[in-house]
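What follows is the residue order along each chain.
2 protein chains.
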Amino acid sequence: MDTSEFRKRGKEMVDYIADYYDQLDTRQVYPDVEPGYLRHLIPDSAPQEPESFEDVLKDVERIIMPGVTHWHSPYFFAYFPTASSFPALLADVLSGGIGCIGFSWAASPACTELETVMLDWLGKMLNLPEEFLAGRNGEGGGVIQGSASEATLVTLLAARTKMIRRVQSENPELTEADIMSRLVAYASDQAHSSVERAGLIGGVMIKNIPSDDKFAVRGSALKKVLHEDRAAGLIPFFFCATLGTTPCCSFDRLLELGPICNRETIWMHVDAAYAGSAFICPEFRYLLNGVEFADSFNFNPHKWLLVNFDCSALWVKKRSDLTSAFKLDPLYLQHCHQDSGNSSFRSLKMWFVFRMYGIKGLQEYIRKHVKLSHEFENLVHQDERFEICAEVTLGLVCFRLKASNELNEALLKSINESRKIHLVPCHLREKFVLRFAICSRTVESFHVQFAWKHISKLGVLMDFSLCR
Amino acid sequence: MDTSEFRKRGKEMVDYIADYYDQLDTRQVYPDVEPGYLRHLIPDSAPQEPESFEDVLKDVERIIMPGVTHWHSPYFFAYFPTASSFPALLADVLSGGIGCIGFSWAASPACTELETVMLDWLGKMLNLPEEFLAGRNGEGGGVIQGSASEATLVTLLAARTKMIRRVQSENPELTEADIMSRLVAYASDQAHSSVERAGLIGGVMIKNIPSDDKFAVRGSALKKVLHEDRAAGLIPFFFCATLGTTPCCSFDRLLELGPICNRETIWMHVDAAYAGSAFICPEFRYLLNGVEFADSFNFNPHKWLLVNFDCSALWVKKRSDLTSAFKLDPLYLQHCHQDSGNSSFRSLKMWFVFRMYGIKGLQEYIRKHVKLSHEFENLVHQDERFEICAEVTLGLVCFRLKASNELNEALLKSINESRKIHLVPCHLREKFVLRFAICSRTVESFHVQFAWKHISKLGVLMDFSLCR
Numbered sequence: 001m002d003t004s005e006f007r008k009r010g011k012e013m014v015d016y017i018a019d020y021y022d023q024l025d026t027r028q029v030y031p032d033v034e035p036g037y038l039r040h041l042i043p044d045s046a047p048q049e050p051e052s053f054e055d056v057l058k059d060v061e062r063i064i065m066p067g068v069t070h071w072h073s074p075y076f077f078a079y080f081p082t083a084s085s086f087p088a089l090l091a092d093v094l095s096g097g098i099g100c101i102g103f104s105w106a107a108s109p110a111c112t113e114l115e116t117v118m119l120d121w122l123g124k125m126l127n128l129p130e131e132f133l134a135g136r137n138g139e140g141g142g143v144i145q146g147s148a149s150e151a152t153l154v155t156l157l158a159a160r161t162k163m164i165r166r167v168q169s170e171n172p173e174l175t176e177a178d179i180m181s182r183l184v185a186y187a188s189d190q191a192h193s194s195v196e197r198a199g200l201i202g203g204v205m206i207k208n209i210p211s212d213d214k215f216a217v218r219g220s221a222l223k224k225v226l227h228e229d230r231a232a233g234l235i236p237f238f239f240c241a242t243l244g245t246t247p248c249c250s251f252d253r254l255l256e257l258g259p260i261c262n263r264e265t266i267w268m269h270v271d272a273a274y275a276g277s278a279f280i281c282p283e284f285r286y287l288l289n290g291v292e293f294a295d296s297f298n299f300n301p302h303k304w305l306l307v308n309f310d311c312s313a314l315w316v317k318k319r320s321d322l323t324s325a326f327k328l329d330p331l332y333l334q335h336c337h338q339d340s341g342n343s344s345f346r347s348l349k350m351w352f353v354f355r356m357y358g359i360k361g362l363q364e365y366i367r368k369h370v371k372l373s374h375e376f377e378n379l380v381h382q383d384e385r386f387e388i389c390a391e392v393t394l395g396l397v398c399f400r401l402k403a404s405n406e407l408n409e410a411l412l413k414s415i416n417e418s419r420k421i422h423l424v425p426c427h428l429r430e431k432f433v434l435r436f437a438i439c440s441r442t443v444e445s446f447h448v449q450f451a452w453k454h455i456s457k458l459g460v461l462m463d464f465s466l467c468r
Numbered sequence: 001m002d003t004s005e006f007r008k009r010g011k012e013m014v015d016y017i018a019d020y021y022d023q024l025d026t027r028q029v030y031p032d033v034e035p036g037y038l039r040h041l042i043p044d045s046a047p048q049e050p051e052s053f054e055d056v057l058k059d060v061e062r063i064i065m066p067g068v069t070h071w072h073s074p075y076f077f078a079y080f081p082t083a084s085s086f087p088a089l090l091a092d093v094l095s096g097g098i099g100c101i102g103f104s105w106a107a108s109p110a111c112t113e114l115e116t117v118m119l120d121w122l123g124k125m126l127n128l129p130e131e132f133l134a135g136r137n138g139e140g141g142g143v144i145q146g147s148a149s150e151a152t153l154v155t156l157l158a159a160r161t162k163m164i165r166r167v168q169s170e171n172p173e174l175t176e177a178d179i180m181s182r183l184v185a186y187a188s189d190q191a192h193s194s195v196e197r198a199g200l201i202g203g204v205m206i207k208n209i210p211s212d213d214k215f216a217v218r219g220s221a222l223k224k225v226l227h228e229d230r231a232a233g234l235i236p237f238f239f240c241a242t243l244g245t246t247p248c249c250s251f252d253r254l255l256e257l258g259p260i261c262n263r264e265t266i267w268m269h270v271d272a273a274y275a276g277s278a279f280i281c282p283e284f285r286y287l288l289n290g291v292e293f294a295d296s297f298n299f300n301p302h303k304w305l306l307v308n309f310d311c312s313a314l315w316v317k318k319r320s321d322l323t324s325a326f327k328l329d330p331l332y333l334q335h336c337h338q339d340s341g342n343s344s345f346r347s348l349k350m351w352f353v354f355r356m357y358g359i360k361g362l363q364e365y366i367r368k369h370v371k372l373s374h375e376f377e378n379l380v381h382q383d384e385r386f387e388i389c390a391e392v393t394l395g396l397v398c399f400r401l402k403a404s405n406e407l408n409e410a411l412l413k414s415i416n417e418s419r420k421i422h423l424v425p426c427h428l429r430e431k432f433v434l435r436f437a438i439c440s441r442t443v444e445s446f447h448v449q450f451a452w453k454h455i456s457k458l459g460v461l462m463d464f465s466l467c468r
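Chains A and B, in that order, are what the protein sequence lines are.
First residue of the first sequence: 1, per UniProt numbering; consecutive thereafter.
First residue of the second sequence: 1, per UniProt numbering; consecutive thereafter.
Same shape as in the complex, but just chain A (with noise of 0.2 Å):
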């Protein structure tokens, strides 16, 4: 394929794009197929000569979108969010076309520099402490990650190894291995799985602490766990704090929480993976308040912020930390670096998508969602067969009918199966909840109150069946 076949090809696959987004509310938003449906559609191995663009865009049609979970119907209300915007697919475009690999400033300058700044704008816009950007001259700075799952792994790998050395100095008879197996990390027991997985990498144990009534941890509980492995003659060296935790969108306690890891020498990194994008609106910004304490944050500009995945954003205080725990030889890195996973220009896409929306644009995004959330809590409220399960502070609804855990399973089941709308559950305590997430960039009033109609029949049809 020459230059002026893709200018050809490249436009009508923008137009296949444009056409799907067009009829994106008339696909069904959960395919029908069963596992392994796909293999049995195409050859077992690759054709020997080339095939045509037509014969390929026509098999996207009849293999590919059969099996397609379609994230972006406005009938999505499942997980949370991942982003999708015009000005972020045309960044895509461009970062793919220039393909440079950012792993070094020499690689590529540009990438390299563009990501800096752009993390310094959208620090500002979250109003972050000044410590945490990189200025002209700071000590700190962000980064662009894949997810928020590796920002874990990065911050408690550095927190590792600054806790390792520290307690070395101090203590220059212990070995590596002796005070590795006394490390103590910690999370919420509403802490998503992968900060679990983060100690299991890093070879660290890591304890859950309780939540409170409202999943939130406290001060007073991180205090108890902490007494309590001090004794035991652990030593505690990071805290992974939640902001918007998964299952229900609670909010560990900051401003408890950091003055106590900040006097006890802990890491604290505060994860708010979804919750993040909504800090940008100044009425959503008290939930971010304890920042101040934390040594590093992370959010997803690839949930709720319009730039599509990958881009999960990490500051923090010292990049040194992070440096210092990673880098090996520097002057081989520099000339003959292999790869690093540290990839392509992402950080186009956020240029793209902040100077196209603006900051205001940027809100009003942000509002509209947590205005529909609101929208369906109340219909919600006004049916007493049906409880709200948790606070409703940004885009997601936790509620279930007052029934039995087995009767809110089926009517999951009865939703999902139905293909109208797409929801998931979690498990708040003992309790089976069914969440509710605002997620596509164009639904509206519209598909909330079909929603709520939609599952509101189906729990007359479970009251029904349950009282034959």
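Residues on chain A that point at chain B, a partial pick, calculated with CB under 10 Å:
(1) Cys111
(2) Thr116
(3) Val117
(4) Ser181
(5) Val204
(6) Ser344
(7) Trp351
For the record, the hints were derived by calculation from the structure and aren't laboratory data.
Even glycine gets a Cβ: it sits at the ideal position worked out from N, Cα and C.
Model the placement of chain B on the given structure of chain A, informed by the hints.
Leaving out everything else, chain B in the frame of chain A:
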């Protein structure tokens, strides 16, 4: 931006990329900017109000392009290639448009299934042993990673878990920390720094095995170290063999190393990040002989197989080795998974590239690059002031002036400062060596001849400046 504006802007962007490639040979391959150049050119913070696409695109040419290292310029001979092809770009547009997140089957069935089948296609193209393929019911199979570094880390961690469980089952009195402190992994002294970093992350000892005069690890060298380490009470658990090392594209001797690893229950991982693509050509497949002894194998189609970044292919003989090392709570992951780093629809670009090039087209592409590197090798051979520093097997030529390191460093500096072509150096033992890698999709004999004339001329000036 609505879909109708996206149609317009998307097509403009396609033309911008096509123009970029049409004129790429006229752009200076390496930029003139100094560190910090970009911050001065853009505002300190994001705009409040939206800006137009025209303004943003204008700034791409004004702010971004002057700081880009043009990896796809036919005058770029640095590092290793990074793939760029039009079919992959088209697939990326589609992948971005669909914008699904494939962390579980249900989250996007087509995404999960196409990935498995594409890795079977690719495995067959390489003639990988059947055990590495998923087929319909196999225990093995492939998965896409972001980089070879990630693949090394993932397999090292899986091997670590497997060995800890094995040792604990035989010695229940040992704690995990006891075992961890005795684990040791190995790689060539020529291996990529990411292997050492994987050990650092996993908290295990990593040792270098000395390579021979062809920069290859032999069985005898591994045996010697194993003998010493067993005697010292260590537990060898992982050996990372490299096919196509970063400095000079040398090949560890799998046929000698594999049986040793199998006998000693050491996980053998084969990292062929760059070289792996060549194994689709029957005449280079011998370089992969011995992979049948490996537990896992990885290479980067995003380097040399025209599948744009990121697409690193990892196969294991037992998928359960990976899943049991990382899976924590499948029920939770299935429902409320936040994100796993497991990402977008990357298999689409494999599908597009394999079909639109065909196996024959891809083989031709590899052969063209290898032919060009031998062409360069011959030019170097014909000039008695220069020497070849390592056997030329694929697309990389390591060479230098028969002179001091200082003079070779000065030569490289003058080459890169002239901005006509771009190279990076490496060290082979005590020697400073220039690396000439065939990288661009559009590089032809003409560009190689031009590069050599330029290098040779600067070499003369070096001699001259030395004589003065």
